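**Q** What follows is the residue order along each chain.
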Amino acid sequence: MGKPLKKIMVYIDGTEQSVTAAQYAICLASFSGAELIAHYVVNTRAVEDLLKARIFLKDERVEYEHDMEANADRYLNYVGELAQKKSVALVKKRSRGNVHKEILDAVREYDVDLLVIGELSRIRSRRDEFYDEAERAMRTVPCSVLIVKDEDRIWELYESLG
Amino acid sequence: MALIDLIVPEVVKTPLVSKDKPDLLRELVQVLKDAGRIDDFDAVLRAVQEREDMQSTGLEEGIAVPHGKTAAVSRLQLALGIAPQGIDFNSLDGKPTQLFFLLVASPEQSGPHVEALAEVAKLARSKAFCRALIGAGNPQEAVDLIRGE
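First to last, the sequence lines map onto chains A and B. Here this note's numbering is used: position 95 in the first sequence is 95, and no number is missing along the way. In short: position in the second sequence from 1, add 1000, done, that's this note's numbering.
Check each hint, because a few of them may be wrong.
[As the list claims (entries may be wrong)] Below, in silico cross-link-like pairs of lysine-lysine (PhoX-like), each with a Cα-Cα straight-line distance of 25 Å or less: (1) A:K7 / B:K1127; (2) A:K58 / A:K3; (3) B:K1021 / B:K1033; (4) B:K1033 / A:K58; (5) B:K1127 / A:K52; (6) B:K1021 / B:K1095.
[Claimed, not checked] Label pairs and their calculated CB-CB ranges: (7) B:D1039 / A:H66: 33 to 43 Å; (8) A:D105 / B:A1132: 29 to 39 Å; (9) A:R96 / B:D1005: 54 to 64 Å; (10) A:K3 / B:A1132: 46 to 56 Å.
Hint data in this document are derived by calculation from the structure and do not stem from the laboratory. Since the structure is predicted, the reported quantities are computational estimates derived from the model, not experimental observations. Ideal Cβ positions, reconstructed from N, Cα and C, are used throughout, including at glycine.
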């Protein structure tokens, strides 16, 4: 019988929730022996929307994209350190574009069995404008999805990992 | 954190009392200070003013999105101000501005910052929604409108 999990991908977006998701993904990879990928999407689609809406100036676009790339490095490196502390191999990946589409493409490209994402907003608005990109990815990816909650418990689990 | 998680009554002020742009920016930052969301009032105000000096964030149809980056905040912060009477904010269409979404974040939170700004941009497209928000009688009403309740 094959392994139930061969490839896990955790989506990192610079939020505390995504770091918690990474900790849990590290635990899962350690227990299951699955390969672990951390993927960060630089949301250039949102930046384009802001430019079109004239909320961003052209200089701001460059500045914010630069910040977002730097944050991608920072958070992927941090998640890499978290994995290294627990002797779990982690592959860092990033892409640019529309978040849910990039997640979907990555899941397909890497042949992911399980997508791990951080806790979504607990408030479910009826307004169409508030769709969460990660939630949208959750609905469209072909693999199973795990939404990580309970930051304190996950931290304890991660800390207890040998 | 999505916009919807940030919008709580403590960071909403209606009606705003300022009569001009400089006072308005101070009043919005004060909302964050009074709600305990920021410690360094001057640093946050400076970040927002620097952005305004580049070009007004007053858009069309009575909406403004003043924003700025500063290390003085550790998390993305939002304040919503409503001025039913309208304030001259040097907006793109020259009309008075009635809705103000102030967003500040540290440079390390640029991803969530951009996403929150993008959500405001989407909200701003709905004239009916903006009219309803301007008419909100109190902060809780404004929060309920945004949450779609």
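**Q** If a hint holds in the structure, say so; if it does not, say that too.
**A** We went through each hint and held it up to the structure:
A C-alpha spacing of about 46 Å is found between K7 (chain A) and K1127 (chain B), which places the hinted pair above 25 Å, so the restraint is violated. The straight-line distance between the Cα atoms of K58 (chain A) and K3 (chain A) is roughly 49 Å, outside the 25 Å bound, and the hint therefore fails. For a cut-off of 25 Å, the pair hint linking K1021 (chain B) to K1033 (chain B) stands: about 18 Å separates their Cα positions. For a cut-off of 25 Å, the pair hint linking K1033 (chain B) to K58 (chain A) is broken: about 30 Å separates their Cα positions.
Straight-line distance between C-alpha atoms of K1127 (chain B) and K52 (chain A) comes to about 18 Å, which keeps the hinted pair within the 25 Å bound. Distance check on the hinted pair: K1021 (chain B) and K1095 (chain B) sit about 13 Å apart at the alpha-carbon level, within 25 Å; holds. Taking 33 to 43 Å as the suggested C-beta distance range, the pair D1039 (chain B) and H66 (chain A) does not conform, at roughly 27 Å. A beta carbon spacing of about 38 Å between D105 (chain A) and A1132 (chain B) agrees with the range 29 to 39 Å that was offered as a hint.
Here the CB-CB span from R96 (chain A) to D1005 (chain B) is close to 25 Å, at odds with the stated 54 to 64 Å. At roughly 53 Å, the beta carbons of K3 (chain A) and A1132 (chain B) sit within the given window of 46 to 56 Å.
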